[in-house]
Amino acid sequence: MAPERVPGPVVPSRAQLRQGPLASAFDDPSMERYRTSQALRRISVLQVGLTLVLVTVPILLYHWHQTDPAMPLWAFAVAAVVLLIPWMFVTGMCNGSVSGIFDLRDAQLDEIERQDRDAAYRTAYRALIPVTMVLLGTVSGLSAAGRGIWVFWLVSLFLCALLGLPQHIAAWRLAARGDADAAQADGPSRDA
Amino acid sequence: MHNRIALFRAERGLSRKALAEAVDVNPQTIGFLERGDYSPSVELALRLAQVLGARVEMLFALDPFPSLADQLGATAESETP
Amino acid sequence: MMLRKTTTKTNRYALAISPRVARVLSVLSIGSLWAWFFLKFYLTAESTWLMRAVGELALLGVGGSMILFATQYLNQAYGEDHEIDERERSARDRAYRVALNYVLWVFVLTFVTLEVAGARDVPKATGSAIGFPAVISKGVVENFLVVLFFTTFALPPAILAWWDRGESDEG
Numbered sequence: 286m287a288p289e290r291v292p293g294p295v296v297p298s299r300a301q302l303r304q305g306p307l308a309s310a311f312d313d314p315s316m317e318r319y320r321t322s323q324a325l326r327r328i329s330v331l332q333v334g335l336t337l338v339l340v341t342v343p344i345l346l347y348h349w350h351q352t353d354p355a356m357p358l359w360a361f362a363v364a365a366v367v368l369l370i371p372w373m374f375v376t377g378m379c380n381g382s383v384s385g386i387f388d389l390r391d392a393q394l395d396e397i398e399r400q401d402r403d404a405a406y407r408t409a410y411r412a413l414i415p416v417t418m419v420l421l422g423t424v425s426g427l428s429a430a431g432r433g434i435w436v437f438w439l440v441s442l443f444l445c446a447l448l449g450l451p452q453h454i455a456a457w458r459l460a461a462r463g464d465a466d467a468a469q470a471d472g473p474s475r476d477a
Numbered sequence: 047m048h049n050r051i052a053l054f055r056a057e058r059g060l061s062r063k064a065l066a067e068a069v070d071v072n073p074q075t076i077g078f079l080e081r082g083d084y085s086p087s088v089e090l091a092l093r094l095a096q097v098l099g100a101r102v103e104m105l106f107a108l109d110p111f112p113s114l115a116d117q118l119g120a121t122a123e124s125e126t127p
Numbered sequence: 014m015m016l017r018k019t020t021t022k023t024n025r026y027a028l029a030i031s032p033r034v035a036r037v038l039s040v041l042s043i044g045s046l047w048a049w050f051f052l053k054f055y056l057t058a059e060s061t062w063l064m065r066a067v068g069e070l071a072l073l074g075v076g077g078s079m080i081l082f083a084t085q086y087l088n089q090a091y092g093e094d095h096e097i098d099e100r101e102r103s104a105r106d107r108a109y110r111v112a113l114n115y116v117l118w119v120f121v122l123t124f125v126t127l128e129v130a131g132a133r134d135v136p137k138a139t140g141s142a143i144g145f146p147a148v149i150s151k152g153v154v155e156n157f158l159v160v161l162f163f164t165t166f167a168l169p170p171a172i173l174a175w176w177d178r179g180e181s182d183e184g
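Residue numbers (the working numbering), protein chains in the order written: chain A, 286 to 477; chain F, 47 to 127; chain L, 14 to 184.
To be clear, the hints were calculated from the coordinates, so they are not data collected in a lab. None of these values were measured; they are calculated from a predicted model. The C-beta atom is built at its ideal place from N, Cα and C for all residues, glycine as well. Any given hint could turn out to be false.
Some, not all, of what chain L presents toward chain A, calculated at C-beta under 7 Å [stated by the list, open to error]: (1) Asp106; (2) Tyr109; (3) Val111; (4) Val154; (5) Glu155.
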């Protein structure tokens with residue numbers, strides 16, 4: 286008689302692993318509307334736009350305050366807070382649209398999700414090296430020209446880009462895949 | 047995931063390097079596979095099975111494989127009249 | 014240290030160093046770059062000999078990063094997908110993830126530290142400051158970007174070296 290198969294340790298199922306509040310939020314059916322190709326691209330563009338505004342407006346207001354003391358400093362603080370709220374909301378949407386692949390643990394993701402996340406990080410990191418070099422050159426140029434405010438603007442933008450780049454890369458990849466899937470679903474079946 | 051790559055490799059008299067060359071991976075990758083530190087893709091699993099002359103389910107399993115000594119013992123018992 | 018073919022599919026030539034040496038080199042080069050950055054931030058213009066000594070740290074960091082970049086980990090860290098196998102690709106992607114998170118954290122922590130520490134006791138807090146962050150001058154930003162550039166280069170090979178068990182190909 287052949288010996289019985291030895292049972293291995295009990296591995297929690299994907300559903301069990303995705304029971305936490307964060308995973309449940311990403312699995313909510315209402316999130317599906319953010320995951321169409323069009324929605325993915327729109328949210329990405331919106332997030333980039335809001336980031337630009339969030340970085341630019343407070344810096345300009347502060348600069349204005351420095352050059353013209355009549356400009357109240359509280360305007361800078363109010364602008365920063367007012368702009369931060371929609372930015373946080375859209376950034377959350379951006380994370381939700383890519384199914385939370387950057388926020389969940391490895392075990393909570395399936396193989397394709399892990400692959401998408403890794404590809405996004407890989408592209409972002411490879412872009413970081415030439416971007417840092419260009420930024421260094423630009424900052425040196427701006428410093429020499431005495432445009433300190435733009436140095437600060439560029440560095441802040443660079444930090445925001447670092448924070449959001451993997452999400453945007455993943456969003457555009459997922460959108461392209463969605464388009465390809467839709468085209469295949471509309472076309473004649475290969476098995477026909 | 048559990049595997050019997052080391053067992054089959056020894057049976058076939060292959061070094062890690064020879065097996066790695068046969069399946070087109072880095073020799074260190076064979077070590078990772080044997081220790082269970084890396085789960086291969088379906089493609090690599092199929093290539094390993096092909097080179098080692100075994101079926102994939104003989105090489106890989108989700109549950110631990112029964113010990114070889116137990117299996118041989120059970121076979122010997124069933125063959126004893 | 015010698016030039017040897019890598020064990021990856023392309024068999025490129027790279028500096029063959031043991032994982033242990035690579036680990037020491039990574040700590041030395043990345044540590045020197047950060048030491049240079051922070052010491053330079055705190056030093057005043059009067060201490061010129063010290064400035065020169067600190068400058069040597071930058072050279073050590075840059076040199077170490079370049080050596081690390083030329084080791085056998087180069088191919089795995091920066092090679093094309095088809096040049097490495099699937100396990101190596103998976104390790105490389107994990108290294109990129111760790112490295113990117115490192116870059117993000119040091120970015121935020123460095124500027125917060127400079128603001129908090131610098132606002133209290135940095136002698137050159139005034140003068141060349143760029144405006145908004147009171148103590149961060151254009152020179153500080155430039156130095157930070159230099160450190161970031163070289164550490165970004167060296168990090169993926171360094172992380173791969175830290176993960177390398179250094180096991181033999183035979184077995």
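Hint check:
1. Asp106: For Asp106 (chain L), the interface hint holds, since the closest Cβ of chain A sits about 4 Å away, which is under 7 Å.
2. Tyr109: It holds, given that the least Cβ distance between Tyr109 (chain L) and chain A is near 4 Å, below 7 Å.
3. Val111: 9 Å, violated
4. Val154: 6 Å, holds
5. Glu155: 6 Å, holds
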